[in-house]
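K.L.:
Each chain is listed here by its residues.
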Amino acid sequence: NAGVTQTPKFQVLKTGQSMTLQCAQDMNHEYMSWYRQDPGMGLRLIHYSVGAGITDQGEVPNGYNVSRSTTEDFPLRLLSAAPSQTSVYFCASSGGGGETQYFGPGTRLLVL
Amino acid sequence: AQSVTQPDIHITVSEGASLELRCNYSYGATPYLFWYVQSPGQGLQLLLKYFSGDTLVQGIKGFEAEFKRSQSSFNLRKPSVHWSDAAEYFCAVGPGDTGGGNKLTFGTGTQLKVEL
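Sequence order for the protein chains is A and B. The first sequence begins at 1 in our numbering and counts up one residue at a time. The second sequence begins at 1001 in our numbering and counts up one residue at a time.
Do not rely on the hints blindly, as some may be mistaken.
[To be verified] Some chain A residues near chain B, calculated using beta-carbon distances under 7 Å: (1) Tyr-31; (2) Ser-33; (3) Gly-40; (4) Gly-42; (5) Leu-43; (6) Tyr-48; (7) Ser-94; (8) Thr-100; (9) Phe-103; (10) Pro-105; (11) Gly-106.
[Claimed, not checked] Far from chain B, some chain A residues (derived; all Cβ distances over 12 Å): (12) Gln-11; (13) Leu-13; (14) Thr-86.
[Stated by the list, open to error] Over the 10 Å line for every Cβ pair with chain B, so calculated as not near, a few chain A residues: (15) Gly-16; (16) Thr-71; (17) Ser-80; (18) Gln-85.
These are calculated hints, taken from the structure and not from any lab test. Idealized CB from N, CA, C, for every residue including glycine.
Turn these sequences into a full structure, and let the hints guide you.
P.N.:
In structure tokens form, the structure reads like this:
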């Protein structure tokens, strides 16, 4: 079991560029989420999904898009990167209810 | 809306001393409550969680937490801290419904330093 994997580990973008952060899990979890972590602010929920084809917005969704075509994958898209999106991004998955949410290792994104 | 407050940004304790990290939450019903730990440059590891039942919850690495509904608190404790416990600790709350553990609101974290 690889658990939750994220690629890339680190990325530098220029303002206005687009990119996709990849997230995959091999635990057959229905629930997946994206968080961003900024100094002094903890983690904040961007988007989440309760199953393939179903997504919803979290606390800070602006500037990000998601889709969930398979149970395993939950990519996060930045359509036009801004310096305010410089952050560490974590993907997580869980089996639902109050089950443990497993986090990936994170993607560190720098937008210049 | 749910929210979490961790009033202590930094805490320093001596190795072998006891530890208590504070967490207060706001939520209209019974929430899911979690404590996570993050070592530098790493992801998050679950220490323990509370859903219902016994209000004293045991976790990994010798940690425990007590849910106090009347105080809206979920403080994390450890009787004797080890140098390897130095890390950042996050309290989180999720709505107590299906998928609630998937929609977490995190506190801003408490950075723990352990003096040898």
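K.L.:
If a hint holds in the structure, say so; if it does not, say that too.
P.N.:
How the hints compare with the structure:
Hint status for A:Tyr-31: holds, given a least beta-carbon distance of 4 Å to chain B, under 7 Å. With a least beta-carbon distance of about 5 Å to chain B, the hint placing A:Ser-33 at the interface is held under the 7 Å criterion. With a cut of 7 Å, the hint placing A:Gly-40 at the interface with chain B holds, because the nearest CB-to-CB distance is about 6 Å. The interface hint given for A:Gly-42 holds, since its Cβ lies 4 Å from the closest Cβ of chain B, which is under the 7 Å cut-off.
Here the hint on A:Leu-43 is kept, as its CB sits about 4 Å from the closest CB of chain B, short of 7 Å. Contact between A:Tyr-48 and chain B, as hinted, is supported at the beta carbon level, the nearest pair being about 6 Å apart and thus within 7 Å. Checking A:Ser-94 against chain B by beta carbon gives a least distance of about 5 Å; that is within 7 Å, so the hint holds. The interface hint given for A:Thr-100 is met, as the beta carbon of that residue sits about 5 Å from the closest beta carbon of chain B, less than 7 Å.
The closest approach between the C-beta of A:Phe-103 and any C-beta of chain B is roughly 4 Å, which is under the 7 Å cut-off, so the hint is satisfied. The beta carbon of A:Pro-105 is positioned within 7 Å of a beta carbon in chain B (closest approach about 5 Å), and the interface hint is therefore held. Contact between A:Gly-106 and chain B, as hinted, is supported at the beta carbon level, the nearest pair being about 6 Å apart and thus within 7 Å. Under the 12 Å C-beta cut-off, the non-interface status given to A:Gln-11 relative to chain B holds; the minimum distance is some 16 Å.
For A:Leu-13, the non-interface assignment is confirmed: its Cβ lies about 21 Å from the closest Cβ of chain B, beyond the 12 Å cut-off. Its beta-carbon lying about 16 Å from the closest one in chain B, A:Thr-86 satisfies the requirement of being farther than 12 Å from that chain. Every beta carbon of chain B lies more than 10 Å from that of A:Gly-16, the smallest distance being close to 29 Å; the non-interface claim holds. The beta carbon of A:Thr-71 is kept farther than 10 Å from every beta carbon of chain B, the shortest such distance being approximately 14 Å.
The beta carbon of A:Ser-80 is kept farther than 10 Å from every beta carbon of chain B, the shortest such distance being approximately 26 Å. Once the 10 Å rule is applied to beta carbons, A:Gln-85 is consistent with being away from chain B; the minimum gap is 18 Å.
Violated hints for the displayed structure: none, as all numbered hints are satisfied.
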